[in-house]
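**Student:** Here is what each chain is made of, one letter per residue.
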Amino acid sequence: MSKTLLIFFFVFSISVKTDAEVVKPQKKQNFRIRLNNSITENDTKLLENEIVFGRGIASKLLGKYELLKDKKINNYIGKIGTGIAAQFGRKQVKYFFGILVSEEINAFAASGGYIFITTGTLKILENEAQLAGVLAHEISHDKRKHIVENLNLNDISSEQNIYSAFNILGGAVRTALEKLNLIAFQILTEQGLPENDEYEADIDTIQTLQKIGYNPHSYVKFLNNTLLISKRKFSSTHPSTELRIQKLNEFLVSKKISKDKGKLNTDRFGFYVEI
Amino acid sequence: MLKYNLLIILKILIFLPQVVFGDDTHYKDMLFGGRAAGMGGTYIAISDDAAGCFYNPAGTVYAYEDSISGSGNAFFSQKYNIEDIPKPLSEETGSYERVGESFLANFFGILRKHDDFTYCFVYLIPETNSEHQFLSINENVWQYELDWNLEDTSYLAGPSLAYSFSDSISWGLGLFYHYRSGRFNNTEHTNYDFDSDGIQDTSANFFHRGEIKEHGFLYKLGLQWNPVDEIVFGFVFDQTVIQNSLYTKVSSGTAYNWIYSDGYSGGYQLALENKSHRSVPIHYGFGAAYYPTPSTMYAFDIDYYSSTSTNIPFGFPNNNYTVILPFSQVESAETAEVINNSFSQTLRLSETYNYSLGLETYINAENSLSFGFFSNNTSAPDAGESTAYYYDHIDMIGLSGAYSSHTPNSTFTTGLVLTKGEGNLIVNHFLPRKINKFPLSRSSWALFIAVN
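Chains E and R, in that order, are what the protein sequence lines are.
1 is the number of the first residue of the first sequence in this note's numbering; add one for each residue after it.
1 is the number of the first residue of the second sequence in this note's numbering; add one for each residue after it.
If you are wondering where the hints come from, they were derived from the structure by calculation, not from laboratory data.
Do not rely on the hints blindly, as some may be mistaken.
Computed list of lysine-lysine pairs in DSS-like fashion (alpha-carbon distance at most 25 angstroms, straight line) [to be verified]:
#1 E:K123 - E:K79
#2 E:K94 - R:K113
#3 E:K91 - E:K143
#4 R:K113 - E:K45
#5 E:K143 - E:K94
#6 E:K91 - R:K113
#7 E:K28 - R:K113
Starting from the given sequences, assemble the full structure and let the hints guide the process.
**Tutor:** Right, here's the structure in full:
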């Protein structure tokens, strides 16, 4: 209900133009822009605004958690994540990978290419294949725009209105944007994304690991490990881990994916990740 | 008294007029670029993509973004047909048809924008001519076979630069290297049994082979002006200057006569080389485009080509000095040679105009259609205005249509271009002085694809 009110507020706000409206420089002979070009124009605008939106969520995460300043491990995580994103992420998005200092076992896709993993998660990872699985899972959330869709911002009519609000913002709109960021932050850190979104991302993860050459079963092993650690819950933001594992196992069987196939890179992981 | 046996051979020789090389009297034979081709080449006032680098470089400053484009004829078919040609040694008339087919990648362009400048590099094939014919006539007492093959293609490649003075005026320059390469092979064979006794009385074999090479430059200057919103005018000026050319032709023939003591038997071989440059008309183009909505656009072009004199590669008639002109009364080879030498070796091209109309409409943001109509008139002189031995005089019209599928990063276009024209093959005779006209038709269709 509150989200609906916020969206309504946005639409209403931008329908009343203010002096603060930013006029974008006109392209030469704009009348030449054909209908097909408007696809690109809209997509670009939407992406730009999604990045701004994601940056807002990221700032909230960084407000809650400290960012790990370890060059060696940051570079390593960045390389693994960038490699996966280059092949399976959105081409137009520049991905950023950060490590949050927290004992929680969690990872976040803050939208717009901002991906975070906690030190708590890194501690229970056994190898590079599992790390790649966690990052691929978050990249899938980003690629599928789960958080954006969960906020119902991807409806064509409301999306255009709301996203354009980012560019012509007045003070009230900024406040509303801040609230939307807060809702997204709460979804990521407390409520969690819908179960279907998690399953989608899980399946994407298995397929990604398989294509890259990592052992897909390693990701299921990681989920199993989280179950074994009773003190540290995997996270309340994820659906029943048992159910996820069950579905993934069914998928692996249906696709006849061998347990022994694919690399783990345990030594390299151990070399770089020392927490 | 006419030497009947000689006449037989020679008449057969020229049964099919041998237009030596491609079509230098039409200037809109090939459309290229997906969007431009779909609109019948009506692009002078549009030109805001890589294809525009050639149509009118000035328009490229308004290109939406950097792009790489390519287009090609997935299938291209040409047909050339002459009616009412008298058959050898017969009162009957017939027709002959030459056809050509090809798959041709005829355009590639790269466009880059840099502030107020845009620069491009394009490669394109503005004209290609492909004619093939195999003719076999067997009328009991005489046989005739012809195998004719011609391929003639012109290429252009080079950069263009455009600059916008303001939001409403831009200019562009292009310099394109011109290269033309063509060749033909023609063999003819005839036998005749005069007295129908089953024994061959005369026979003749002729072989002709020719090549054409041209090097030069096409200079192009373009301007676009947007005086009021949604309307653009475009202007272009260009000319191809041939810097270097070489036409070569080799002919040989043998003829045997077994029944007449004064009949001709023997052979000949002749090689010709011509380095004189062909002249190409100056082209002025004007276009207007109207963009009422993002989903609709209308365009109109008019092209003017100046008159000029162009040499006829290899000259006329077909190199064999003993050839007697068709339908003429020549009593000796000496007379024939005199006539031969008197033929005009140049063709005075008339000034001519082409018109084209284009329409582009979007079904939605992902799908659009374009249509075009265009003329491709000849600059060949009317009958009686030239003493060139023979030439085509035919005005063509064309229709085009294309479908485009758009994604945020690319456009795929496929379409069809149809052309058709009817006119005359004009043959000038000297003895007696008269002009013959034979109904002539040309047609072509091309299925093209393009990506941008």
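**Student:** Each of the hints needs a verdict: does it hold here or not?
**Tutor:** Hint check:
no.: 1; hint: E:K123 - E:K79; result: holds (19 angstroms)
no.: 2; hint: E:K94 - R:K113; result: holds (24 angstroms)
no.: 3; hint: E:K91 - E:K143; result: holds (10 angstroms)
no.: 4; hint: R:K113 - E:K45; result: holds (21 angstroms)
no.: 5; hint: E:K143 - E:K94; result: holds (12 angstroms)
no.: 6; hint: E:K91 - R:K113; result: holds (22 angstroms)
no.: 7; hint: E:K28 - R:K113; result: holds (13 angstroms)
The structure meets every hint from the earlier list without exception.
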